[in-house]
Amino acid sequence: MELNFNKIEKKWQKAWEKAKIFEVKEKSKNKKYYVLEMWPYPSGSGLHIGHAFNYVVGDILARFKRMQGSNVLHPMGFDSFGLPAENAAIKNKSHPKKYTEDAISNFIKQQKALGISYDWSRVVSAHNPDYYKWDQWIFLKMLEKGLAYKKKSPVNWCQKCGTVLANEQVHNGKCWIHKDTDVEIKHLEQWFFKITNYANELYEDINKLKNWPERIKAMQRNWIGKSYGTEILFEINGEKWPIFTTRPDTIYGVTFMVISAQHPKLMQLVTEKQKKEIEEFLKKIKSTSEKDATELEKEGAFTGSYAINPLTKEKVPIYAGNFVIADYGSGMIMAVPAHDSRDFDFAKKYKIPVKEVIKGGNVKKEAYTEDGKLINSKEFDGLDNHQAINEITKYLEKKKIGKRVVNYKLRDWLISRQRFWGTPIPIIYCEKCGIVPVLEKDLPVKLPENIKFTSEKNPLIDYKPFVETRCPKCGKKGRRETDTMDTFVNSSWYFFRYTDPKNNKKIFDTEKAEYWNPIDKYIGGAEHACMHLIYFRFYTKFLRDLGLINLDEPTFNLFNQGMVHGEDGFVMSKSRGNVIDPLNIIKEYSADTLRIFLVSIASPDSDYSWNNSGIESMHKSIKKIIDFYKHLKIGKSSSKIESKINKSIKEITENIENLKYNLAIIRIKSLLEDLISEKEVSKKDAEIFLKLISPFCPHITEELWEKFGNRGFISLESWPEFDNTKIDERFEQQEKAIENLIDDINNILRIVGEKKEKVFVYVLPNEKLLYSNESDLIKKKTGLNVFVYAVNDKEKHDPNGKAKKAKPGKPAIYIE
RNA sequence: GCGGGUAUGCCGGAGCGGUCAAACGGGACAGACUCAAAAUCUGUUGGCUCAGUGCCUACAAAGGUUCGAAUCCUUUUACCCGCACCA
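Heads up: the first sequence begins at 1 in our numbering, then just goes up one per residue.
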């Protein structure tokens, strides 16, 4: 009687689709619940086990909430712009659209094979002009609000991508996609979004993200990098230069200044005499730029200029240095070698004097960076350095030579990309009018479809039908921007579009978006902590400020599922040969087995390794469930099983609610064992059990539900409620007592070490029924024939007089 | 360097103040069934001891809080992750 799982799966997947049971509307009496898994990049190789895990984690919750009576929005879409599609097009001399759309249909097929309960009527794809039109619209709004701007600046360039990258996409000096490729610095005119305008709000509102993993919040705090300090005006060549420092208490110890080698105004400070030296220095650091930043020694060269310390009026030399970051703070630092180890290293190397201003260390040997009392600081001498930070800042403010400021590490978001397969930036360059935005009514600016892909170069540049256009202002000839936008713009607002995916008048209807948002549970990997998960917060705030939505944060509830590793414990990779293909697993074991197995090994938020014997045994459990229903005798449930069922409902409900699926599954399995050992079970209880497994194994539960003679879908049934009055702890106690007895008997058997046949159990008269009712179980577990006597039974067989040892709840035993 | 996290038995992994020698799964070993194997079922799986009791050593290490700690606090160590010359 082999079951054809795949056939059953297909049957129900079709039935769900036909009945459109997962499609939702805003009009509902029920409470809304928005479950969202991060949309994938549809790669040509199809979905991998990590995707499957991600979707299953979300789907179990979606199905559970739906059964609980929520109006559940569970949509899916595709982040379909990006480099692989373009590279494939170059290779095959085709168009990225074809690659992308093939990949999408393959993804959908696979997602359906997993039995994920998406509302397929809402699917969106980034590369669809109906979608990216709104990317362009947002761009125009950003421009209007002064949040989109173009500037020439040093930008990160990845040779392999053939394009610039945002700061967030540079990891350890390497490209986020090509992890072996050093990012180069190029000076280019590029478009930016002024995310820094929101730096403070993005930082402060992290506190509102109550149900986000701590580490993601920590990463974002770190990335935004808010720090409080003082800006002090130093006079250089008669001009005031603001210098940011967090240590104004050390201002009397400044012995030199260092300006970043990348600072745009560096050459202004270089004197004729020093020009050669500086140029040599710049050349040198350029040639060593491929080295790991950590290994770089601090280096610099004297610019020839001096700065005047506003408090001491001392003249200190200004160096250009390789360790100062151009666009953090003021791009120039006041160097205090006595109390900063970097400054100290630099001073030692270039023989610059060290001036101690905080007591406590030996500044001849090393920088003293701990706390202490001020010295050599005139009227501030003797102050505790923490106090001094305050006092000196106050003094500077009074003299108008400094002020308290807040600084952020966050940089503006560089969104230009020199690639084809992205959202075109809706800008026209006119000789007369300059930079002119495309009119809203002319959106979308579409990517051409009959364009040839021959080389790595963006083909738009040479494609006249695209490039040549008219200026919307003066009507003269204009040239279109050929750069496209970073693909992260697409994912920054897609969760709003799901709520109104077909709207061609507006980006989304406010009412609809406000009905569904914020997302109630957002599920995805942790790798986007400082990219997507910052950008989508930024967009939400921007759209709020446009008056489109009254919402500060896209979600307060973020869940990071763990990584699924190969059976060898390593990350799955083709080269290691440890890749598990979800489709193969579905074919071999069924989608239900894969689903339940994926969430059974460990808590879904922790990493784990695939285990082949594990899925094997899970598959057996599934068959056992089916078998149980095949042989089930419907009748009346014992009060014991009723107690167990109600207790299980309670616990499983809690476990699923908290995404502790692994624990829910343990309960399910143990309840199954209990049910199997019953002689008969009521129809109601048998159905409750099916419902409890349904979010994990939707296909077989639909099938069994139907076999029960039910019409309609179990997926739409209501989740069982538990009845506290049916839960009777006495059953647990009794069970424990029987277990103890079995343990004791087995223990004696082990000690005796001989083969025995019979066990005589002597119990108190009032306990006789309890134990004799379970004699089958005792027999099964000990392999002995069981005889239960009341201690006062005159007929009892008790050659060793053991019966008198019996105590309440602890029977006496004799084995022979 | 900064920040976040983790450390449990052969392995994976629960537990997060008592009911813990520690759920559940995998593996291993033993038994039942079988001509035999697979499947299935049952038991064992820290040590000593014992007709079922009891004792010892245990949840990275060392301290501490507590009547009581795998669970709370401190320090240390190891590992993982993120940022990294951010002034």
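Keep in mind that the hints were calculated from the coordinates and are not lab data. A hint or two may mislead.
Computed spacing ranges between beta-carbons, pair by pair [claimed, not checked]: (1) Glu297 with Glu468: 36 to 42 Å; (2) Lys29 with Val571: 55 to 61 Å; (3) Asp327 with Glu297: 18 to 24 Å; (4) Lys151 with His178: 24 to 30 Å; (5) Lys683 with Ala19: 20 to 26 Å; (6) Val571 with Gln268: 32 to 38 Å; (7) Pro242 with Lys29: 36 to 42 Å; (8) Thr181 with Val579: 37 to 43 Å; (9) Glu297 with Leu546: 47 to 53 Å; (10) Asp568 with Leu546: 20 to 26 Å; (11) Lys779 with Glu732: 39 to 45 Å; (12) Lys796 with Lys683: 38 to 44 Å; (13) Lys29 with Glu201: 32 to 38 Å.
Straight-line distance between alpha carbons at most 20 Å, and here's what the computed EDC-like set of lysine to aspartate or glutamate pairs gives [claimed, not checked]: (14) Lys27 with Asp119; (15) Lys93 with Glu449; (16) Lys726 with Glu757; (17) Lys409 with Asp119; (18) Lys802 with Glu729; (19) Lys98 with Asp79; (20) Lys7 with Asp793; (21) Lys32 with Glu657; (22) Lys640 with Glu657.
Beta carbons: idealized from backbone N, C-alpha and C, even for Gly.
When the structure is checked against the list of hints, which entries are broken? Sort them ascending. 1, 2, 6, 7, 8, 10, 11, 16, 17, 18, 20, 22
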